Amino acid sequence: MVDKIVVADLSIDYGGVHALRHVNLAIKDKEILGVIGPANSGKTSFLRALNRLNDLDLSCRMTGSIKLNGKDINRDMDAEEVRKKVTMVFALPIPLPMSIFDNVAYGPRRHGLNDKKKLKEIVEKSLRAAFLWDEVKDRLDSSGMKLSGGQQQRLCIARTLAVEPEVILYDEPCSGLDPISTAKVEEAMRELKIRYTQILVTNNVKQAARVGDRVAFFLMGELVEIDETRKLFTTPRDKRTNDYLTGRFG
Amino acid sequence: MKFKPQTKQKIAFILLGIAASIVIIPVILILAILIQRGLPAISWQFLTEMPRMGMRAGGIFPAIVGTLCLVFCAISVALPLGVLTAVYLVEYAKRNWWTRMIEIAIVNLAGVPSVVYGLFGLGLFVIFFQFGSSILAGALTLAIMELPVIITSSKEALMSVPRSFREASLALGVSRWQTIRHVVLPNALPGILTGAILGISRTAGETAPILFTVAAFYLPRLPKSIFDQCMALPYHLYVLSTQVPNVKPALQYGTALVLVGMVFLLNLVAIIVRARIRSKKQW
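Line by line, the protein sequences give chains A and B.
For the first sequence, numbering that gives the first Met the number 0 assigns the number 0 to the initial residue and increments by one for each residue that follows.
For the second sequence, numbering that gives the first Met the number 0 assigns the number 0 to the initial residue and increments by one for each residue that follows.
In short, the hints are calculated from the structure, not lab data.
It is possible that part of the hints are untrue.
[Claimed, not checked] Okay, the calculated beta carbon distance ranges per label pair:
1) A:Leu55 to B:Ile32: 52 to 62 Å
2) A:Asp71 to B:Arg180: 21 to 31 Å
3) A:Met219 to B:Ser20: 52 to 62 Å
No experiment lies behind these values; they were computed from the predicted model shown.
Glycine included, C-beta positions come from ideal geometry on N, C-alpha and C.
Whole structure, please, built from the sequences with the hints as guidance.
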């Protein structure tokens with residue numbers, strides 16, 4: 000398979016505090032990469048580097064390179080372009096304070112689409128892809144904030160899909176959700192594999208095992224190991240991976 | 000003396016309650032006195048007629064119109080300027096000596112006595128820019144006075160919009176300006192309007208800043224453009240109370256009542272607007 004994203008010698012620090020050290024990895028096209036590791040292992044910093052959200056933090060320093068489709072995202076692209084192609088779903092669902100329809104239409108509208116018919120199509124398509132359409136189709140005008148937590152998170156996924164990205168980043172997307180909502184979000188991810196490259200940062204090791212094609216294990220800012228999910232979970236090469244997976248620390 | 004903790008608590012609560020109640024006494028007294036003495040003077044003629052006989056009779060219409068003009072012109076300068084400043088400081092500016100200078104300037108602007116604003120307006124707008132004593136000069140002076148209030152409350156309103164909203168929008172590849180325009184500003188609007196309310200209340204009642212820049216002692220006609228002088232309620236009240244002999248007290252109190260009533264009305268309108276926006280707010 001083709002490499003979608005290639006990360007080379009990526010180091011990040013926030014005001015002198017190291018968050019990530021010399022990370023090298025490649026993410027394949029249309030795979031789901033699970034990223035696991037304890038708190039402060041650098042997995043969120045890694046994720047935020049991929050769509051340049053780290054730019055917002057003025058104390059953040061980065062070295063190394065990240066290439067998307069062979070283009071350096073920090074040198075050859077501007078931040079908006081990167082974020083449109085590599086979008087992010089956050090830990091807590093963040094519906095914007097507007098209606099369900101407007102939430103999903105928000106991205107396309109800002110990117111210049113005003114045709115009502117097309118917007119409707121995109122909204123429906125995105126909500127269907129996020130497995131939310133049937134639950135909300137009769138109340139698209141009601142506030143996105145009135146949905147349940149799981150629905151809100153799927154709304155955020157739909158909003159992300161509406162800008163037609165190539166890569167979707169999830170930052171612990173199910174940390175605030177109950178098991179059934181979690182299952183629905185995971186189902187959506189598996190379905191989305193056909194079209195998107197997805198990277199899932201999670202504190203839930205089992206979730207990474209359930210949905211990840213491959214899993215990367217981060218520890219204290221280092222990429223310890225990355226491998227096919229089954230291999231990593233059954234025969235990890237590094238002792239630290241084994242310790243983490245068996246719950247000896249973390 | 001030794002009391003039980005519960006008793007101490009009771010005493011403390013009573014003291015706190017008394018302190019809080021004392022605060023409303025002046026408000027009630029002011030309103031009561033104004034209404035009792037001023038209400039008899041209020042009539043349709045009083046509100047809509049020109050003053051006559053050296054302001055000892057007739058109405059206060061030009062002063063009402065003048066104050067409305069000043070308030071409106073001042074806020075239409077100060078609100079955009081203040082909001083833009085706040086957006087710059089909160090959303091764009093990096094923390095450096097320049098933004099710190101701006102912030103210190105704003106704090107100091109808020110502490111300048113109003114009579115100094117008046118002299119400043121006289122020097123800059125009336126004389127240097129040669130606007131003469133005019134609504135334009137007066138309104139600009141008032142606008143500068145309103146600025147710190149509007150900037151400070153707008154800044155707070157902007158900062159109260161959760162960071163996560165901005166990130167959610169930016170993560171979709173939406174530009175910073177569009178994020179501000181479509182997510183941050185709409186959600187900060189109630190707070191910004193609060194600032195406008197405070198600004199309006201403050202300027203409507205100010206005498207010193209308009210004293211040298213616009214206010215006419217006695218001008219029984221309406222201003223035709225922003226380059227005209229006009230009468231204004233606070234200054235008219237001052238004139239009636241100290242400069243003109245043998246004015247019926249009812250006229251003075253009536254004028255004061257109209258001024259207070261107008262400020263109250265302006266605030267009420269803004270409060271209603273704000274409440275309506277806020278009721279649509281969902282977080």
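Beta-carbon spacing of Met219 (chain A) to Ser20 (chain B) - inside the hinted bounds 52 to 62 Å or not
holds (59 Å)
When you take the CB atoms of Asp71 (chain A) and Arg180 (chain B), is the distance between them in 21 to 31 Å?
holds (30 Å)
Take a look at whether the Cβ-Cβ distance between Leu55 (chain A) and Ile32 (chain B) falls inside 52 to 62 Å.
holds (56 Å)
The earlier numbered hints are all upheld by this structure, with none contradicted.
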